[in-house]
Amino acid sequence: MKRHLVPALAAAASLTLLAGCGGGDTPSQSADGRQILKVALWNYETTPEFKAIIDGFEKANPDIDVQPVDILADDYAEKVTTMLAGGDTTDVLTMKNVIDYARFGTRGQLASLTEEAKQLDPVKQSGLTSYELSGEYYALPYRQDFWVLYYNKTLLKQAGVPESKLQNLTWADYAALGKSMTKGTGASKVYGVHQHTWRSVVEAVAAAQTGGDLLSGNYGFMRDQYAMTLDLQTSGALMPWATTSSQKVTYDTMFSTSKAVMMPMGTWYGARLLTDKAAGKHKVDWGMAPLPQREAGGKVTSFGSPTAFAVNKKAKNAEAAKKFVTWAAGTDGATAVAKVGATPSLQSQQILDTYFALPGIPNDAVAKKAFKPDQVVLEMPVSDKASDIDQILTEEHELIMTGEKSLDEGLTEMSNRVKSEVG
Amino acid sequence: MTLTATGPTTAAARRRHSIRVGWSFILPNFLGFAALTLVPVLASLALSFLDWDSYSTPKWVGLANFRRMIHNDTFWTALQNTVYYAVGHVPLTLCAALGFAVLLNQKLRAVQFFRTALFFPYITSLVAVAVVWNMLLSPDLGPVNQLLRTIGIDNPPGWTTSTTWAMPAVIMASVWRDLGYYMILYLAGLQTIPGELYEAAKVDGANAWQQFRHITVPSLRPTTFFVLIMLTISSFKVFDLVQVMTEGGPGRATLVLSQVIFREGITQGRFGYSSAVSMVLFVIVLLITVIQFRLQRRSER
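Going down the list, the protein sequences come from chains A and B.
The numbering of the first sequence is the numbering used here, which starts it at 1 and goes up by one.
The numbering of the second sequence is the numbering used here, which starts it at 1 and goes up by one.
In short, the hints are calculated from the structure, not lab data.
Warning: the hint list may mix true and false statements.
Capping the alpha-carbon separation at 27 Å, the derived lysine-lysine pairs in DSSO-like fashion look like this [what the hints assert, rightly or not]:
1. A:K79 to B:K107
2. A:K79 to B:K237
3. A:K157 to A:K368
4. B:K59 to A:K314
5. B:K237 to A:K313
6. B:K237 to A:K248
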C-alpha cells in the first residue's frame, strides 16, 4: 500500500495542477435570479457616468444585474485585446476610442449593431457616423467629448483679464495671454497655460482647424500649432514637455491645484472637476471657454472623440447586452450621463438644459458657447492603419517637443515613416 | 542458490520501482513546464509562420513575417537598442557586483547593513525604482542635474528625455537595481575560496591586487560564468524597466525587442509577426548562451 502512496500523491498533484489550468464557467445568473450582464469599462470609481448608466439601466431593467469589469484606464486597450484573444465572454465592451474600435470591428470581434444604429438619428446622435465600417455598425456612442479651454476664474481675475475675452480667442491671443499670466518661480510658479503631453493637443487641433488629414502622410499643416507650442515652452509659459513627461505630471494636478491658468482639455474633465469639487478634493473656481481658433470671429471648430458601447461577439447574454447598449445611447442614457456633468452623444435641448442645470457647472455665455461648437472633427480618422500611424506620430511628437529634432526634421520624418512603414 | 536465483528479479523490481518513484516526483513539475513553457514556445514557433490576430482563422504565410521584419526599420532599431542595453548592462553589473562583493566580504563594521542596503533595490517594486530614477534624473528639477549644475556643468543631459542619454539612464537604473542580487551570488562564491590560498600568497609576498587577480578571479570562474549567462539572458529580454521608465522613447531611443513583441502582439493583435520577432530573440539568446558555454569549456581545458 505504502509503495503506491508516492505515485498516487504525485498523480493527484499533477491532476490538481492541470485542473488549476482549466477555466471555470461563471454562472450567468446572480444569487437573486437576475441575469448577469458584464460590462468592461475603466476606472469605475473615478468615471461617474459608468455608475450613472449602470444604475439607471438596472432601475429600468430590474431583471438584469450589471456587473462592471473594471480595468485601469491606461491598460484598457491592451487588456481588452488580450481578453478577446483568450475567448473572453464579457458581454459589453466599452470602446474608449475609434482607433481601438476599428481594430476590434475589422477583426470580427464585435457583434453587428447595424439594425440598432439605423433606429438612431445621425443628426442628433453625435459621433454615430464615426462607427460605420463598410456599411456596418458594431458600436453605438453614448458620449461625445470635444475639446474646450478650461480656465481658472480666480487667477484670470487676479491678472485683470475679463472672462468675456476668452469667448473669441485665437491661438495667438491664447499664447500672448498665457505668457502675460505666467508668474513666480520654482515650486510657486503659476503657468499661463498647460498642455498635456498627448500628441493630439497639438496635432489633432491642427488637423481639425486646417482640414489636415492625420492619415495622409503629409504633415505640413501641423507647423503653426507646433511653432506656437514650442514658443510657449521656450518662454516658460508652458511647463516643458520633458518635465511633464518624466515627472508624470497629470493635467488634473496642474489645473486643480491652480498651477495653470488656462488648459485645453476634453469635456470629460468637467465631470471630474464637478465630482471632485463636491467631494472637497479641490476648490478651483473654474470656467469653460471655446477652444481657441486660428482666425478671429469665425466658426468654432473643435476636435473630439465619441465613446461607445459594443457587444462582444462571444457575449454570454447578447440580447441583454444589446438592450444595455441601446438604452445607454438613447434618451434615458443621455440624461443619466448629462446629470453627472459628462457630455452625452445624444444632443437635444432637453439634455443641454439638464447639463446646465447642474449645480457647479459654469453656465454663463462663455461656457454655453464652448458647449456648442460649430464643428467637431474626429480626433483620428477611422482606419485599419490608424493605430500604426498613431504610434509613429506619437514617437515623432516626443522628439519635436523635447527638442531632439527640429520642427522641420520632425515633420519630414513623420511623413517619411508613415509612407515607408505603413504605406 | 535461492539468493542467487531471486537476486536479479528483486533488483529489477527495485529498479522499476525507483524509476516509478523518480518519475512521480518529476511529473508534476514536468507537466507544469510543458503546459506553461514548452507548449507556448512551440506554439509561438508555429505562429511565426501564420497571419493570426487571435480571433479569425489563422492563415499560413510562410516566411512573410520574417521578410516583413527584415524590411522593418523599427525592428532593426529595437535590435540595435537591445544590443546597446546588453553591452552596457552586462559588464557594468558584473564589475559592480564583483567589486561590492569583494569589498563586503571583508570584516568591516556594519557589513551586514551595507549588504542589505545593496540588496534592497532588487526586492523593491520595479515601478517604484523607475519612478524614483525618473525623479532623480528629471532634466530641470532632478537632484542629479542640480548637482551637475553646482559643479559647473551648465547644460546637463536631459537623461530620459534625450535620445543620446535615455539608454545610459536606463542602464544606470538597471545596474543599480540588479547588482545586489549578483553581489550575493559572488559573496557565496567568495566564501568557498579556502583562506589558506590567500595566506600562502601573502607568505610569498603577493599584494592585494595580485591576490585578487591570481586567486579570487580564477576561483570565482564558475560563479562568473553563471552570472554572465544569467545577465546576458535577462539583458536581452529586458522589458519592464524600459516600459515604465521611458516606454521606449523618446522617439524610439530605448525601444527594445521585447517591447516590439508586446506592441505587435498585444496592442496591434499581430500575433504571427510578434511570434516571429520573439523567435528571433530566442535564437539570439540561445546562440549567445551556446557561445558562452563553448568559450567556458575551452578555457577549462
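Going through the hints against the structure:
As the CA atoms of A:K79 and B:K107 are separated by approximately 51 Å, the hinted pair breaks the 27 Å bound. A C-alpha spacing of about 22 Å is found between A:K79 and B:K237, which places the hinted pair at or below 27 Å, so the restraint holds. Simply put, A:K157 and A:K368 have alpha-carbon atoms about 20 Å apart, close enough for the 27 Å limit, and the pair holds. For the hint pairing B:K59 with A:K314, the CA-to-CA distance comes to about 21 Å; that is within 27 Å, so the pair holds.
In summary, the hint linking B:K237 to A:K313 is not supported, as the alpha carbons are separated by about 35 Å, beyond the 27 Å threshold. Of the supplied pair hints, the one linking B:K237 and A:K248 holds, its CA atoms being roughly 26 Å apart against a limit of 27 Å.
Of the hints listed earlier, those the structure fails to meet are numbers 1 and 5, in rising order.
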